[in-house]
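Chains as they are written, first to last, in UniProt numbering: chain A, 1 to 316; chain B, 1 to 223.
Think of the hints as simulated: they come from the structure by calculation, not from any bench.
In this text, a Cβ means the ideal position worked out from N, Cα and C, and glycines have one as well.
Among the hints, a few may not be true.
As the list claims (entries may be wrong) - To give an idea of the interface, some chain B residues facing chain A are shown, with a C-beta separation under 7 Å as derived from the structure:
1. A57
2. G97
3. G108
4. N112
To be verified - Residues from chain B that keep clear of chain A, each with C-beta distances beyond 12 Å, as calculated:
5. R74
6. H86
7. T88
8. G100
9. M120
10. G131
11. T134
12. V167
13. P187
14. E196
15. G200
What follows is the residue order along each chain.
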Amino acid sequence: MKSFTYEKAASPAAAADAAARTEGAKFIAGGTNLLDLMKLEIEAPTHLVDVNGLALDTIEETPAGGLRIGALVRNTDLAADNRVRRDYAVLSRALLSGASGQLRNKATTAGNLLQRTRCPYFYDTDQPCNKRRPGSGCGALDGYSRQHAVVGASAACIATHPSDMAVAMRLLDATVETVRPDGETRSLPVADLHRLPGDTPEIETALAPGELITAVTLPAPLGGTHFYRKVRDRASYAFALVSVAAVVQADGTGRVALGGVAHKPWRIAAAEAELPRGAKPVADALLAQARPTKDNDFKLPLVQRTLAAVLAEARG
Amino acid sequence: MQGPNDVTRRDVLAAGAATVAGTLAPTGAQAQSGQGAPPAAPSASGAGASPQPARAAVSLKVNGTVRDLDLDTRTTLLDALREHLHLTGTKKGCDHGQCGACTVIVEGRRINSCLSLAVMHDGDSVTTIEGLGTPEALHPMQAAFVAHDGYQCGYCTPGQICSAVAVLDEIKAGIPSHVSADLTAAPEPSADEVRERMSGNICRCGAYSNIVEAITEIAGRPA
């Protein structure tokens, strides 16, 4: 690990300012992903701005009937919140399907959104990776790509976003609130937070340098029945091969988003319109642009079958 | 009892580690120089080339005792416990948050001490396996692991036990899990719940069934 200086931020705006002023600075909250990457020197911040002391760890009800989740609310606390369990069960389920109890106790809401891909070629510094070292190539394209993206990928990168929570946030139309180094605040839909890789897979979010997420806001509850079905290589503590987040209403309409298939949570409006007609038309619409590799083309039928299982459960 | 000329297991392991490090050094150096060839990443500024690693004062309350340390900022909580406070009960397994051997309880919650910086825990209360029980007065969970033969080599055991103690507190606090059928109901300490909640603690000897028996036995006792 490279040496770094360290400071505790006094306020969100001061944290953003400190991060923008110091070249190579990074925020640290839970640290469960950043420290892992720092040990491998995939991340090598020169300065860490510790935001843990900022009072961003509460969940408050909004005037619109939703919830405002502080950026530092731990994954355990968000999943266990009674309002989330009752009204946003898909979010609790997604959180509880990810990582381990120890990691969820540390990992934060904002950090979960900003975690980096677990592509093995990103993690192996002896391999080319356009995300880790722009211009070096993509080891996964002609390599072992069983875990990788089947939609929205590019010739530069076929990595997936690893988060389960982000898929539920996308399904729920969450909004991300931020503060910038100049003290200005803004909010953006979580749909616009994550980018597709294109030619610049190293740029993963729409956040500006030093911009700090302060909260994630959920609109009023959707009702319906909530599902987060995650398919993985073992029963617990593994990343998704495919996951389906869904809210299904009594009349068969609803929302659906996928994890494990793209560089960001994958949700297509045209696919949701097909929900009353069953899993196949929904899966076809979600994966219309799919370009799987020889190793991960199994994900296409897996999406349809997982979706079918969810819709069968929804019908009861 | 240890005499002046006795070699401890720890001495042998330390010597072994030094030998391995020496053997691997050239390979590591090659890998580093190979990586140094392309243009440096934008974040790798001159600021990182400071000759003196940054340090920070850290005060930890470990097993009830306040311990003041002056540490390289890079020091993980795990290394602070093992290398600086010589509390070697907490184990380093993967050092990447995948195995759970380093699990300790901080401010009442179990975490992977390898994936947290000591400097981020200034003022925090930390409970390690040494703080749960003693050889003369085992914690009930330690006694249950002994009674149920919940280990073979024992390396993962301190992490398993710290995790298990915290798991039962999490169930009592009503925190649901992936296998909780009803999200809004209070979770029960069933074998299925224990298995799911303990999935962040790997045991390569495969003592899992006995570990689950030990934990569910303690869970069944009145608090």
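Going through the hints against the structure:
1. A57: At about 11 Å, which exceeds the 7 Å cut-off, the nearest Cβ of chain A leaves the hint on B:A57 violated.
2. G97: Constraint on B:G97 satisfied, holds at 6 Å.
3. G108: 10 Å, violated
4. N112: 5 Å, holds
5. R74: 5 Å, violated
6. H86: 22 Å, holds
7. T88: Non-interface label on B:T88 holds, nearest chain A Cβ at 20 Å vs cutoff 12 Å.
8. G100: 6 Å, violated
9. M120: 6 Å, violated
10. G131: Correct as stated: the minimum Cβ-Cβ distance to chain A is 17 Å, above 12 Å.
11. T134: Consistent with the label, B:T134 stays out of reach of chain A, its closest Cβ about 25 Å off (over 12 Å).
12. V167: Given that some Cβ of chain A is not farther than 12 Å from that of B:V167, nearest at about 7 Å, it is violated.
13. P187: 10 Å, violated
14. E196: The assertion about B:E196 is violated, with a minimum of 5 Å to chain A.
15. G200: At roughly 2 Å from the nearest Cβ of chain A, B:G200 sits no farther out than 12 Å, so the non-interface label is violated.
Checked against the numbered hints listed earlier, the structure breaks hints 1, 3, 5, 8, 9, 12, 13, 14 and 15; every other hint is satisfied.
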